[in-house]
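The residues making up each chain are set out below.
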Amino acid sequence: MKVTRPELSWWERTYFPAILKGMKLTFSHIFRKRVTLQYPEERWTLPPGYRGQPVLLTGLDGHEKCTSCKLCQFICPPEAIRIVGGETELAKEKFPKEFDIDMGLCIFCGYCQEVCPVEAIWLKDAYELADYDRTNLIFDKEKLLAIGRKPPYLPGREKPLEEGR
Amino acid sequence: MPLIRIDDQEIEAPQGETILRVALKHGITIPYYCYHPALSIVGQCRMCLVEVKGAPKPLTACSTTIGALPPDKKIEGKYDMVVSTKSETARKAQRGVLEFLLLNHPLDCPICDQAGECQLQEYSYTFGDPASRLEFEKVHAPKRVDIGPHVVFDVERCIKCTRCIRFCQEISKTGELTLSERGVHTRVDTFPGRKLDNPYSVCTVDICPVGALTSREFRFKERVWFLKSVNSVCQECARGCSVRVDAYKGEVLRLVPRDNPQVNGPWMCDYGRLITERMKGLDLAGRPLLRSGSAWQGYEWKDFGAALVERVGGSPASKSESWAVVLSGRLSLEEMAGAQAVSQAFFKRSAGPVPDVAWGEDDELLIRKERRPNLMGARLMGIPVGEQNAPLSGLFAGKKAALILREDVVGDAQGAEKAAIQKALGAMDLVIVADSSFTETARLAHVFIPLAGWHEMEGVYVNFLGVAQKTARAVVPPRDRRPFHEVASLWLTAAGHDAPEPTFLGWHARVKESVPGLAETSIKELLPHGLQVLDAPAKKKVKKGEGA
Numbered sequence: 001m002k003v004t005r006p007e008l009s010w011w012e013r014t015y016f017p018a019i020l021k022g023m024k025l026t027f028s029h030i031f032r033k034r035v036t037l038q039y040p041e042e043r044w045t046l047p048p049g050y051r052g053q054p055v056l057l058t059g060l061d062g063h064e065k066c067t068s069c070k071l072c073q074f075i076c077p078p079e080a081i082r083i084v085g086g087e088t089e090l091a092k093e094k095f096p097k098e099f100d101i102d103m104g105l106c107i108f109c110g111y112c113q114e115v116c117p118v119e120a121i122w123l124k125d126a127y128e129l130a131d132y133d134r135t136n137l138i139f140d141k142e143k144l145l146a147i148g149r150k151p152p153y154l155p156g157r158e159k160p161l162e163e164g165r
Numbered sequence: 001m002p003l004i005r006i007d008d009q010e011i012e013a014p015q016g017e018t019i020l021r022v023a024l025k026h027g028i029t030i031p032y033y034c035y036h037p038a039l040s041i042v043g044q045c046r047m048c049l050v051e052v053k054g055a056p057k058p059l060t061a062c063s064t065t066i067g068a069l070p071p072d073k074k075i076e077g078k079y080d081m082v083v084s085t086k087s088e089t090a091r092k093a094q095r096g097v098l099e100f101l102l103l104n105h106p107l108d109c110p111i112c113d114q115a116g117e118c119q120l121q122e123y124s125y126t127f128g129d130p131a132s133r134l135e136f137e138k139v140h141a142p143k144r145v146d147i148g149p150h151v152v153f154d155v156e157r158c159i160k161c162t163r164c165i166r167f168c169q170e171i172s173k174t175g176e177l178t179l180s181e182r183g184v185h186t187r188v189d190t191f192p193g194r195k196l197d198n199p200y201s202v203c204t205v206d207i208c209p210v211g212a213l214t215s216r217e218f219r220f221k222e223r224v225w226f227l228k229s230v231n232s233v234c235q236e237c238a239r240g241c242s243v244r245v246d247a248y249k250g251e252v253l254r255l256v257p258r259d260n261p262q263v264n265g266p267w268m269c270d271y272g273r274l275i276t277e278r279m280k281g282l283d284l285a286g287r288p289l290l291r292s293g294s295a296w297q298g299y300e301w302k303d304f305g306a307a308l309v310e311r312v313g314g315s316p317a318s319k320s321e322s323w324a325v326v327l328s329g330r331l332s333l334e335e336m337a338g339a340q341a342v343s344q345a346f347f348k349r350s351a352g353p354v355p356d357v358a359w360g361e362d363d364e365l366l367i368r369k370e371r372r373p374n375l376m377g378a379r380l381m382g383i384p385v386g387e388q389n390a391p392l393s394g395l396f397a398g399k400k401a402a403l404i405l406r407e408d409v410v411g412d413a414q415g416a417e418k419a420a421i422q423k424a425l426g427a428m429d430l431v432i433v434a435d436s437s438f439t440e441t442a443r444l445a446h447v448f449i450p451l452a453g454w455h456e457m458e459g460v461y462v463n464f465l466g467v468a469q470k471t472a473r474a475v476v477p478p479r480d481r482r483p484f485h486e487v488a489s490l491w492l493t494a495a496g497h498d499a500p501e502p503t504f505l506g507w508h509a510r511v512k513e514s515v516p517g518l519a520e521t522s523i524k525e526l527l528p529h530g531l532q533v534l535d536a537p538a539k540k541k542v543k544k545g546e547g548a
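From first to last, the protein sequence lines are chains A and B.
Quick note: the first sequence uses my numbering, first residue 1, plus one each step.
Quick note: the second sequence uses my numbering, first residue 1, plus one each step.
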């Protein structure tokens, strides 16, 4: 394939016009609004529906909503979810004896939230999940419920929780 | 034979046969719930409604038989019956029936064990309406009814197909179940004071087309789509039922019968299924162990062959009459061939006998009192089989060394017999025990060989009718346990003897030489229903089924 090169004049071949053009663009940014944040002192306001840390939600009866149907385990692309089901005396019959999410594997795709038939798993807006030890990244059921959302009138919660917090 | 047309297929069908059977045989899909090939026909669920030309309304395909018309009254000049399964009338009838069945169905598929293998799910997608027209609260009924020791009943999910009731009346002949109440409150129930407690009760779970009856043992264990299934053979009696082993992550979760008219029909006993429960408590063997004094020393397999040869060769007991070689009916044919080769090479004698362990009674359906799956295999291999329940202490009398394969001779014995065996084994110079778990017998051993369990290896088993069936490996042994034929190769090679390569196929070639019925056959012929390698004794056959 033949590429046709533009004919450059003597002045253009010094590259001064190109440099000046670039400088103009760069310096014009000085007068624009700054987008850089002084993280972690300053924080970004996350958009609604931001997909961060997956958590388990508690139902109105004070128990986890999850019925251990394992659809999230099935759909999870990196296979980060591990569930062991068991029988409970509650009306829902089945509950997760163990529910682990390996946050080292999670890719925050949100399929688990999408597929859940009882809206028991939900991606909240937490994103600072780094740790020095991989074993700490495996979040078990107690931890996922503790950081998950609870209904407002459960003991110790007078005020309704803000959506997404 | 009458000529009929189903949709656009012309079929010559025998007079008196039902439309459904003919359709299934020719690959035409008609949905059905209450029909089961091994049970009587009741026409109860109405799911198989089809349009038959000339009939005033849709007819149930399962109970409508094919008849012949006089020559001058043939439909379109040649047909005795014209059936349509896809016409507007038939589709409307099927849709209507499904709407009724789903009307009060709880739709708790997320927690239902049947989800994934549920006929109601499948037909709803294929034949049903996407939405329900019901505007009111569904009729609720008890869930989690304790109907029997191994079965849990969910009344809401039941579609009243009565397969379970007919099973208890016709197959297990115990008749615990019946329909009670009327109308929308109709429910399957046990008779007062009775439980669904018969040796085959979990078969009702298999034939239940929905999740109404679930197995207590498998309940909530795993969703069915995660399970890895292989074809295998039940190990718990001489019947050797064809089973499908469902495993997940290295654990066998359930056994389901495979329909095999030669052996078990579509059924299987609860005792055989509960092997999954009994396997849980086992002290699973790890690596090869040698004992000196009271200390066990672990070995790697690569060093173990030489260690074995040294230990056996160095023992004062190297004469043929001083060895007791006890095999088990739990060994596969290949393992028996391995044991035979080892016995001839090192002990200069033929292996055996195989103890014939029996308890309980034969029943009319499946259960045999001989409790080992491969006794007939041992007979075909020319390995002597002991008398039924003969005391084993006699085998060890006057012997100086013993090789015991897959048989817990101490743990299974009782009272004085147990003490006698313990004493005999304790006094020996060398006891070699090979088993898949560390049994009571293994504690008395000087050499312990960890064998792969029945679910962790391939093997051929011959049941009491002479049907040879092959098992497949359901799970990979979590630790390095091996079937005995592989150990035999290792052992023979370490001593400089000729041995087949340490694989199933290598030793199966050896088996073919000694079992005449298998000589000309390939492995594929043993799948999936097995091969008759012996003339079957004249006996009542299991009721035939063609698929659940």
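A hint or two may mislead.
[Said to hold, decoys possible] Derived CB-CB ranges, DEER-like:
#1 A:Pro48 x B:Asp197: 34 to 42 Å
#2 B:Ser63 x A:Phe108: 22 to 30 Å
#3 A:His63 x B:Ala509: 56 to 64 Å
#4 A:Ile107 x B:Ala55: 56 to 64 Å
Hints in this document: simulated from the structure, not taken from any laboratory.
Even glycine gets a Cβ: it sits at the ideal position worked out from N, Cα and C.
Do the hints match the structure? See the list:
{"no.": "1", "hint": "A:Pro48 x B:Asp197: 34 to 42 Å", "verdict": "violated, 57 Å"}
{"no.": "2", "hint": "B:Ser63 x A:Phe108: 22 to 30 Å", "verdict": "violated, 56 Å"}
{"no.": "3", "hint": "A:His63 x B:Ala509: 56 to 64 Å", "verdict": "holds, 59 Å"}
{"no.": "4", "hint": "A:Ile107 x B:Ala55: 56 to 64 Å", "verdict": "holds, 58 Å"}
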